[in-house]
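A.B. asks: Produce the entire structure from the sequences given, and follow the hints as far as they go.
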Amino acid sequence: MSEALIDKARALDEKDELAGHRELFALSDDVVYLDGNSLGALPRHVPDRMADVITRQWGELRIRSWDESGWWTAPERIGARIAPLVGAAPGQVVVGDSTSVNVFKALVGAVRLAPPERDEVVVDATTFPTDGYIAESAARLTGRRLVTAEPGDVTDAVGPRTAAVLVNHVDYRTGRLHDLPGITGAVHRAGALAVWDLCHSAGALPVDLDAHGVDLAVGCTYKYLNGGPGSPAYLYVAARHQARFDSPLPGWNSHADPFAMTSGYEAAAGAARGRVGTPDILSMLALEAALDVWDGVSVAAVRAKSLALTDFFLECVRAYVPEGRVVPVTPEAHAERGSQVALRCGTAPAVMEELIDRGVVGDLRRPDVLRFGFTPLYVGFADTERAARVLAEVLG
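The sequence shown runs 1 to 396 under our numbering.
Bear in mind the hints are in silico, worked out from the structure with no lab data behind them.
Some hints could be false.
Claimed, not checked - Cβ-Cβ distance ranges computed for the label pairs, FRET-style:
1) Leu-61 to Asp-156: 51 to 61 angstroms
2) Trp-72 to Arg-240: 23 to 33 angstroms
3) Tyr-265 to Trp-72: 18 to 28 angstroms
4) Glu-150 to Arg-303: 20 to 30 angstroms
Ideal Cβ placement from N, Cα and C applies to all residues, glycine included.
C.D. replies: Shown next, in the form of structure tokens:
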């Protein structure tokens, strides 16, 4: 234990402009929760809000709630609340379905926007497995050839045959932040469309979809956005593409006149054409309530604290952990780091089990990666110092 690092943590917490947000979450002081990059903590007010949804909106109003409680418009309304967190103007984000389903919509939709002679789909070689599975299926279904490339090699992989490129903004294993502006620019110079998976970045760092000209994007809401287990994902379709966006899953909810119940399909205008079937109202309204914690919060301030937290954790690990026991695989450079720290450790499964038993909750990526997510709205610097100290005790 280092008194100097404990004093530094205390001083950093005293200056932290986001420190008060921790009280908005149902967290106990005896646990350091560093797994918000897998499942965000519960905002304290959500249970009461959901009690109203269940007892009054569903229990009393029942079918009337589609209109009177705003259930029908929830996908667009909640999308409008997420839009500023990903740098999107209104009318481009719709909430619903899972991330996997939205990856499928976005990737097939992107291929359909491209000229038919473009017969290749490029996917991030380090992608989250589901994205890879769906990319392979989407390529088969659309008659395209799948090409894999490391994110840093996309510039060389794209060309006149590329229809669309799917890349994860942050590598889920290592926490490496990929160059969204640079890769998007390279994709566009090749005449292709850029599709981004924001699951490990939205809510932790600036994304700026509009500013960087991203074509389509998807993301989950149960990590840094704290929407709860299985909360619905979102789909971003840039306004310039919406009139031609041809979803591979045209459902009655995305029909221009859904209650006409006609046999022919006519897509709705705007982001609503990304809808499919009946929204998951309970999980969707839990997400809407959870987003209240973002009121008045600057994404830039979140990013600044995220980098400070991860810097401090790495400093504490270097000071506390015996040399050679762990090796950081998360980049040191701020421009290449998301909001997590991944440490390679030969005994990672046993170490993480012991950490959790001692009240430091991170997670494991087999076979040998300890992964610690830093959610700036509720993780503090004293938490960070304690986590590194307990890690050293376990390894010692």
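A.B. asks: All hints, please: hold or fail.
C.D. replies: Checked hints:
In this structure the supplied range 51 to 61 angstroms holds for Leu-61 paired with Asp-156, their Cβ-Cβ distance being about 57 angstroms. At roughly 27 angstroms, the beta-carbon separation of Trp-72 and Arg-240 lies within the given 23 to 33 angstroms, and the hint holds. At roughly 19 angstroms, the beta-carbon separation of Tyr-265 and Trp-72 lies within the given 18 to 28 angstroms, and the hint holds. For Glu-150 and Arg-303, the hinted distance range of 20 to 30 angstroms is satisfied, since their beta carbons lie about 25 angstroms from each other.
Taken one by one, the earlier hints all hold for this structure without exception.
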